[in-house]
Amino acid sequence: MRLFKSALTTIALLALSVAASAQQTSTGATQGGAPAVIPKGKIAVINTDVFQEQIAEYKSKIDALNRQFEPRVKEVQSLADKINALENTIKTQSQVLGAAKVAEMTEQVDSMKKEYQRKAEDLQADAGRERDKMLEPVSAKLSKFADEYTKKRGITLLIDIGNALQSGTVVWFDSRMDITKDFISEYNKANPVAAAPATPPASVQKP
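Counting from 1, position 111 in the sequence shown corresponds to residue 170 in my numbering; the numbering is continuous, with no gaps.
Keep in mind that the hints were calculated from the coordinates and are not lab data. Being a predicted model, the structure only gives us computed values, none of them experimental. Cβ atoms here follow ideal geometry from the backbone N, Cα and C, with glycine treated the same way. Hints are all accurate, no fakes.
Using 25 Å as the maximum straight-line C-alpha spacing, the simulated DSS-like pairs for lysine-lysine come out as follows:
#: 1; residue 1: K248; residue 2: K211
#: 2; residue 1: K118; residue 2: K200
#: 3; residue 1: K203; residue 2: K101
#: 4; residue 1: K101; residue 2: K211
#: 5; residue 1: K178; residue 2: K192
#: 6; residue 1: K133; residue 2: K173
#: 7; residue 1: K118; residue 2: K133
#: 8; residue 1: K172; residue 2: K160
#: 9; residue 1: K240; residue 2: K101
#: 10; residue 1: K248; residue 2: K101
#: 11; residue 1: K240; residue 2: K203
#: 12; residue 1: K133; residue 2: K120
Between beta-carbon pairs, the in silico distance windows are:
#: 13; residue 1: E174; residue 2: P196; range: 32 to 42 Å
#: 14; residue 1: R235; residue 2: K178; range: 48 to 58 Å
#: 15; residue 1: G213; residue 2: K173; range: 51 to 61 Å
#: 16; residue 1: P251; residue 2: D206; range: 19 to 29 Å
#: 17; residue 1: D237; residue 2: G187; range: 30 to 40 Å
#: 18; residue 1: A253; residue 2: D233; range: 31 to 41 Å
#: 19; residue 1: V252; residue 2: D181; range: 24 to 34 Å
#: 20; residue 1: V229; residue 2: A253; range: 32 to 42 Å
#: 21; residue 1: F232; residue 2: E146; range: 44 to 54 Å
With the sequences and hints as input, model every part of the structure.
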């Protein structure tokens with residue numbers, strides 16, 4: 060069971076007006092008080108929803124988080140399975156078990172539910188803190204890389220298309236505007252992730 064799935068964090072790429080804002084900041088108003096001229100540039104879109112699986116550095120952090128919390132996730136899931144099994148037994152065998160046994164089992168279920176809620180809440184809180192701690196540096200690097208990437212290519216507006224389509228801000232776009240694949244490829248080249256060490260083969264005992 061994976062604790063960390065999709066949409067863990069949103070990279071701040073929506074409406075990234077790099078060249079335009081830089082121009083306004085540096086020049087301000089022209090002589091005579093006329094407003095500064097915003098340079099023409101490209102508009103591009105990017106889908107940050109795929110970052111978790113396709114940005115190697117990002118994926119490695121998510122995989123590490125899942126490995127770290129896997130024992131606790133299994134513990135909580137096991138407790139939930141036991142609660143369900145016990146409730147099912149009470150429901151289907153109450154007449155056979157008798158009132159006293161049913162009351163005992165019901166009290167046990169209530170106690171297990173309280174334990175489950177406590178452990179699930181603790182797991183969620185601890186996992187959230189660790190997630191933010193591990194992913195914040197990657198998010199910062201992605202934002203910085205996006206700034207450099209757009210400047211080099213003359214992009215003045217970069218839109219997170221997944222969020223834009225979902226919110227209705229954008230209803231259609233030309234697929235030629237999508238720079239997701241190239242952005243991910245360039246980021247992975249600039250930020251390679253070392254492969255996990257291979258597990259050594261088991262030694263064969265000589266007779």
